[in-house]
Structure formats: C-alpha cells, structure tokens
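*Asks:* For reference, the chains in residue letters:
2 protein chains.
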Amino acid sequence: MQINLKETAEFLKTHDNFYILTHMNPDGDTIGAGFALCYALRGAGKNANVLCSDEFPERYGFLYRDYEPQKFSPDTVVAVDIADEKLLGTPLAGYKGYVDLCIDHHISNTGYAKKQLVYPEASAACEVLYRVLSEMDIVPDILTAECLYTGIATDTGCFKYANTTVLAHIIAAKLMDCGIDAERINRDMFDRKSKKRLAAEQHILSNMEYYLDDKCTITAVTLEDMEKEDFTGDELEGTAGMTVQPEGIQVGILIKEKEHGKFKISMRSASDIDVSAICAKFGGGGHTKAAGCTIEGKLDDIKLQLLSATAPTMGIDLWLA
Amino acid sequence: MQINLKETAEFLKTHDNFYILTHMNPDGDTIGAGFALCYALRGAGKNANVLCSDEFPERYGFLYRDYEPQKFSPDTVVAVDIADEKLLGTPLAGYKGYVDLCIDHHISNTGYAKKQLVYPEASAACEVLYRVLSEMDIVPDILTAECLYTGIATDTGCFKYANTTVLAHIIAAKLMDCGIDAERINRDMFDRKSKKRLAAEQHILSNMEYYLDDKCTITAVTLEDMEKEDFTGDELEGTAGMTVQPEGIQVGILIKEKEHGKFKISMRSASDIDVSAICAKFGGGGHTKAAGCTIEGKLDDIKLQLLSATAPTMGIDLWLA
Chain A
157 MQINLKETAE
167 FLKTHDNFYI
177 LTHMNPDGDT
187 IGAGFALCYA
197 LRGAGKNANV
207 LCSDEFPERY
217 GFLYRDYEPQ
227 KFSPDTVVAV
237 DIADEKLLGT
247 PLAGYKGYVD
257 LCIDHHISNT
267 GYAKKQLVYP
277 EASAACEVLY
287 RVLSEMDIVP
297 DILTAECLYT
307 GIATDTGCFK
317 YANTTVLAHI
327 IAAKLMDCGI
337 DAERINRDMF
347 DRKSKKRLAA
357 EQHILSNMEY
367 YLDDKCTITA
377 VTLEDMEKED
387 FTGDELEGTA
397 GMTVQPEGIQ
407 VGILIKEKEH
417 GKFKISMRSA
427 SDIDVSAICA
437 KFGGGGHTKA
447 AGCTIEGKLD
457 DIKLQLLSAT
467 APTMGIDLWL
477 A
Chain B
157 MQINLKETAE
167 FLKTHDNFYI
177 LTHMNPDGDT
187 IGAGFALCYA
197 LRGAGKNANV
207 LCSDEFPERY
217 GFLYRDYEPQ
227 KFSPDTVVAV
237 DIADEKLLGT
247 PLAGYKGYVD
257 LCIDHHISNT
267 GYAKKQLVYP
277 EASAACEVLY
287 RVLSEMDIVP
297 DILTAECLYT
307 GIATDTGCFK
317 YANTTVLAHI
327 IAAKLMDCGI
337 DAERINRDMF
347 DRKSKKRLAA
357 EQHILSNMEY
367 YLDDKCTITA
377 VTLEDMEKED
387 FTGDELEGTA
397 GMTVQPEGIQ
407 VGILIKEKEH
417 GKFKISMRSA
427 SDIDVSAICA
437 KFGGGGHTKA
447 AGCTIEGKLD
457 DIKLQLLSAT
467 APTMGIDLWL
477 A
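These protein sequence lines are chains A and B, in that order. Its first residue numbered 157, the first sequence is counted upward by one per residue in our numbering. Its first residue numbered 157, the second sequence is counted upward by one per residue in our numbering.
Heads up, none of these hints are tricks.
You can't tell identical chains apart in this list, so a pair holds if it fits in one copy or across any two.
Result set (SDA-like, lysine to any residue): computed pairs, CA atoms no more than 25 angstroms apart in a straight line:
(1) Lys-445 <-> Arg-353
(2) Lys-445 <-> Tyr-216
(3) Lys-330 <-> Arg-287
(4) Lys-270 <-> Tyr-254
(5) Lys-351 <-> Asp-370
(6) Lys-445 <-> Gly-335
Treat the hints as calculated values from the structure; they're not laboratory data. Here the structure is a predicted model, which is why all the values come from computation and not from measurement.
Assemble the whole structure, with the sequences as input and the hints as a guide.
*Replies:* Okay, structure coming up:
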C-alpha cells in the first residue's frame, strides 16, 4: 500500500526496533539511504541496524566508519532503494514477505512491502528519505547529511543525468548547509579509480572501432583481453557510456565476453535512436538510451549482426556502403 | 570601485547601448555570462553585442545559435568573467581603460574597471550575473537560462569541485524550473569528446608511471608522442586531473614537451601535500592542489628532479627507497 510522507514519518516515529535492508550489489544510494535512516533513528533514541547480502564496497567506507551493529530484537523491517524482493539477495532472502515499509524511487517497484513510499520521479531513494526526515523535523547531522548527499550525487552522476530533479539541487544545497565536505565525497566517488578500472577504461579507449559513417562505435572485450590486461568484468560496470563519448557518435556498442563464445552486449544511444528496439531483435531489452542483450557465436559475426540491425536506424544501407 | 547588486542593476537599467566583452580563450562561463547578459538587455529593449578576441569553440554554439550582432553606437562597455585586462586579448586591447562595469568572480581581479561587481566566493560569473538579473526582476527565458546554467556547470565541473556553492545549487534549481534541457547540456559539456581528445586521454592512461610507494604518478607527453598519436597540446588542456585518478595516489605529475627539450609541468594533489610549494622550487607556482612550472633538460633527468622534490613531502627518502 502506497502511503504518503506524513504517514511514513508517523510510522517511523511509532516504531522502535528497526532492521534496515539494502539491496545486493549495494550502490551509493542504497548504502547512503540505509545509514542515513539508521543514524536518524538512533538519534531519535531508537534501535537500528543496516543489513546487506553483500559486503559494502570500500569506497563507501566513510559513510559507516564508526558504525557498530546494535544488539536488539527487531520488530520492524524497512527496505531502502529496493525495487524488487529478488534484490535482497540470498543471505537476506528470509525477509521476503516481511518488509513492513519500503522507501524507494524505482518506477519498477513491485509493491512487495506492506507499506511503501515510492516516488518514481525522485532522483534517488535518498531524495525521498530526505523528505521523510524533514517531515519528522529531523535536521541531519554531518554524517547523515553525507549519506544523503552521496546517494543523490551517485545516482545522478553528480547532477549530470536526466534524472536530476529541481529538488535534488535544492536538497544538495540544504545538505551542504549542514557542513558536509561535498568536494571530498565527489572526488572519491567520481575522480578516484582502481588500477584495474583504469586498465578497463584504457582497453575501451584503445580498442574502439568506428563504423556506419562514424556514427557508431563497437568496442569488444574478450576473456583473453581481461586476462592479459589485468581487469575483470566487474571493472567494466558502468563503462558502456564511454562508447558514445566521441563527438558525432549516435550509438555505442560494448561487447563483453562472459564465457567462451557467449557475449553480453550493452548498447547506448546519444541520439533519438531507440537502442532497446535494436536489442529486442536479439531477445534483449532495456531503455531507449541504454539497453542490452546476449548473443552467442563468433565475435566478428556478432559485430556484423549488430551493425546490420543498427544501420537502418541511421538510414544507412550496409550493403551499399 | 566595487558596487553592490542594486547599484549594478541600476547601472544596467540606466544605460542603453552595450558592448559586452568576454575573455580570450573563451570558456563556458565567459560565453554563458556574455550571451545571458546580451539576451537579457535586448529583452529589456536595449542594444547589446557580445565581443571576443577569439572564435567561440563550436561546442558552445547552442548558446548563440540565433545570435546576430546589432548595428548601433555603443556607449557602455561591460566585461564578464575577466579578471585582468590582459585577458581581453589583442583584438580587444583597445578597450583597455574603457571598461565601465566588470561582473566577475575571480579573487585575482585587478580592479581595472570603473565599476565592478566581483564576488570571489561565487562559483562562476554566471552565478553573480543571475543575482544581478534577479535584482532587475528579469526572469530568464530558456536560452538565457541555458547560458547561465552552462557557465555554472562548466566552472564547477558539474557541481563537483570545491568552488560549488550552496547558491550554485539553488540557482541551478531555479534555472531548471525555467525549462532548460540540463541533461543535453551536461552531455555535450562533459560526456562528448573529440577523437583527438580521446587519443590524448588514451595516451595518459597508457603511459602513467607509478613512483614513491605508489603515491605519485608521472605521465610524460613528448612532441613525438603527439605527432605519432595524432593529438596536440590543446587536447591536453584539463587532463592533468587524470594523473591523480588512481586510488591511493597523492600527487600526480603531467609533463608536456612544449618545444624540444623544454617541458611544461602540471602537478595535482589529491592529499594535503601543497604542490605549489614543490613547483616553486622550479620557479613555478599556483594553488595548493593545482600548480605548474617549466623545466628544461632531458626528460629522465626532469622526472628524477621532480621525484626528488616530491619524496620529502611524503616522508620518503628517495636514496634509501
């Protein structure tokens, strides 16, 4: 059942022992929202712990540097930034069907929680949570403010992407007023990279091929490349956007070999071309500007198939080119 | 003479024929402020043209797509984002001593204008100008709002850098409310790169060397490299930040060969180390986190000199390492 801000605030005020669930493969928004809610509830004299099926990535360590789990008997389960119970992951699967409240911003939220506050227009779960805390008249301390800022900044690509709302900027201003060090957070989130990640980016830049009147790039990463250049599939997460960086490129294609002869395709559009329609031809899907599919076969054949499917969207006849 | 917002608004209201000067090597802030002021003044029934010593880079073309210079006899000269008359450049050098009003945010502003509104704490000249237009009760149309947003976004690295103010976020929210397409602007400003720029970035990633217990990187770019890999010194502008991207790196050094045997050094700090102090040893200077100097000699010797000067700041004795 969808409830409103006031009802959510009332729910949190009238309960006392919280387990806060974050999603598997945790990102800045679920971690930020989880700990922000935890700190706010503890600050209000309640018991609260944050749970996750996976280890939190080290880069978010500053958000829980002094955090210690408390010992208490939980009576209330809150999920933050979790669109689907599947995303609880195996270790937390026992909470399926037992989530009392979900605070989220995914339009795809399956409505699994008993009560939910889902604002699909919000940039981040942390944007929704900020509004809840305001409704509760809670002024975030610096650490809580850093958690909320981190969630909004990471989900919007530092206020760069289309999901950046007017409210995201207004909340950022209010959080900066709380005394956070936004510069350090942004540097750590956006300008610091592992050597393996840099190796992956280097591979993409070095191996980008131009096709279709220089309107389409294809970059392939084979298992052999990763072995030789010392990075893994993990480091390729979020790199598909690099394929549409070159000026004039309308569609970018990243081909990652998952296992021998089986390739995961990520397509990006920097134009009106709907890449989800192209991926649908290969049994995949996604959004108009970011989509994917999986294809088995030989790399060169796959490139040709993808170019054949992409060319007509650019008004190019591949066989006359 | 420093004047306040109200006096600046009054000055603009009581004059009618404006030449607006932008600085040489124009960036998003001077172009954004120049055209925003021009459109606002024209909208108020006045004559206004924007002047620059250099061509505006193509990427900012959307800010002046329908702009045409007007024919009129100017009686008022306004400079935007220009800290020093030297930055007018040679073609506009005739305006030295004739600038009636300067709207700027550089703490280094030399005070050359008859009247000036300089807010050194502002993120961008466009932030200052937004406040002037508000004081004049001017609500920006979409194009004017795009100009102002572009200036603030480019000068703050999309709200990422330390100069990002609370007001920058609040103004961004108000400009988004004017109906601008912030996503497209940000994509063009931050996620679209020329092939030559990508070649330069690829060179940096491929040639980064790690020193001093992996706390310092050095990346060298020779004239031969640029020739062979098809990019120029222009494409290296703004790439020094890449040298401190790797996790754990405290100081990053970019060495660019300007002419045979003469090297421009850019140093960046991602720690408390003051790189301007290191550069000062070589006759250079700058800020604590971003500084530079010029050294002549052989590349390998220069690397050793720079490492020798940097090692003590990290408590490392180079000769025992």
